[in-house]
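With the hints as extra help, turn the sequences into a complete structure.
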Amino acid sequence: MITIGEEEADQRIDNFLLRICKGVPKSHVYRVLRSGEVRVNKGRIDQTYRLKAGDVVRVPPVRVAETQKAAVPGAEFTILHEDAHLLVIDKPAGVAVHGGSGVSYGVIEQLRASRPQAKFLELVHRLDRETSGILLLAKKRSALTNLHEQIREGTIDKRYLTLVHGEWKNARQHIKLPLFKYNTPDGERRVRVQSDGMASHTVFNLVRKYGAFALLEAELKTGRTHQIRVHLSASGYPIAGDDKYGDFGLNRALQKPQGSRIALKRMFLHAHRITFLHPESGEPLTLKAELPRECDAFLRSLQAEAADERVS
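Numbered by our numbering, the letters in the sequence shown go through residues 98 to 409 in order.
Fair warning: there could be bad hints in the mix.
In silico lysine-lysine, DSSO-like type, Cα no more than 30 Å apart, as pairs [stated by the list, open to error]: (1) K236 / K255; (2) K216 / K385; (3) K385 / K318; (4) K273 / K385; (5) K318 / K306.
Derived Cβ-Cβ restraints for the label pairs, each shown as a range [stated by the list, open to error]: (6) G102 / R128: 25 to 31 Å; (7) S201 / S132: 28 to 34 Å; (8) I248 / L303: 22 to 28 Å; (9) V200 / A296: 28 to 34 Å; (10) Q291 / E314: 23 to 29 Å; (11) L303 / P354: 36 to 42 Å; (12) R397 / M295: 33 to 39 Å; (13) R128 / P354: 55 to 61 Å.
Just so you know, these hints were derived from the structure itself, not from any lab. A virtual CB, placed ideally from N, CA and C, is assigned to each residue, including glycine.
Here it is in structure tokens:
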């Protein structure tokens, strides 16, 4: 019997059970829900029921999978902001935000492992594994609900820095292309431009040109999966180092140093700034994550390469 507190309130019963029944297959959790074995205040409920503070939930005995997952190593990441409601980190490239799809654990699991005393810690949004930068996590359910509402209303201002290949022309350019999600035959999630896809809008601001490359700031007006990557690729400006939608021949060349230019061994996409209303105070909060060292060093090498070309 579990009594629901303020932090568990307002979440669906199925999501609550999936969180507390670690190691239990999702199908089994839904089976016990449908069978009526889960009771709230001694009454039957369906999987869409939203918990209220003070509810008493009966969770039936459930058998945990015999093959336990390997222990998740705790980890901390560079903290950009932390208070009683929020944790904002600078996620490195190459680290998944959560486990699944061949990844046994990600940022959220590692943070929970390193903070066993935390009663509540949830991702507010996601970043691609290959993308670095600002990642928001909620330390209270009220904060999570508030920030999700801001995301739905489009009031959160998220900015990314990215380096593309090609002759970028405009100082400010809107790209509106509908995006369709699908899975490859091996189960990998992909996105393509398709007329019946979801409406998607990105605004790109030119920061600086580096020879055949351009550094852009991207403003997300919608938040679709792989939106920046697909909008740029479909417009003829692949992101340097993008192994899903980029120019694969270019990526191979960039992985090797050439003259003054150093090697680039990651995708050049970084969530560098975010502005939102603090979920408790309602005051605007702007946070920034500096460009990672490897990206900054690559830009400097492009600058040096351009200088060498001018001299020669």
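Violations among the numbered hints, reported as their numbers in ascending order:
11
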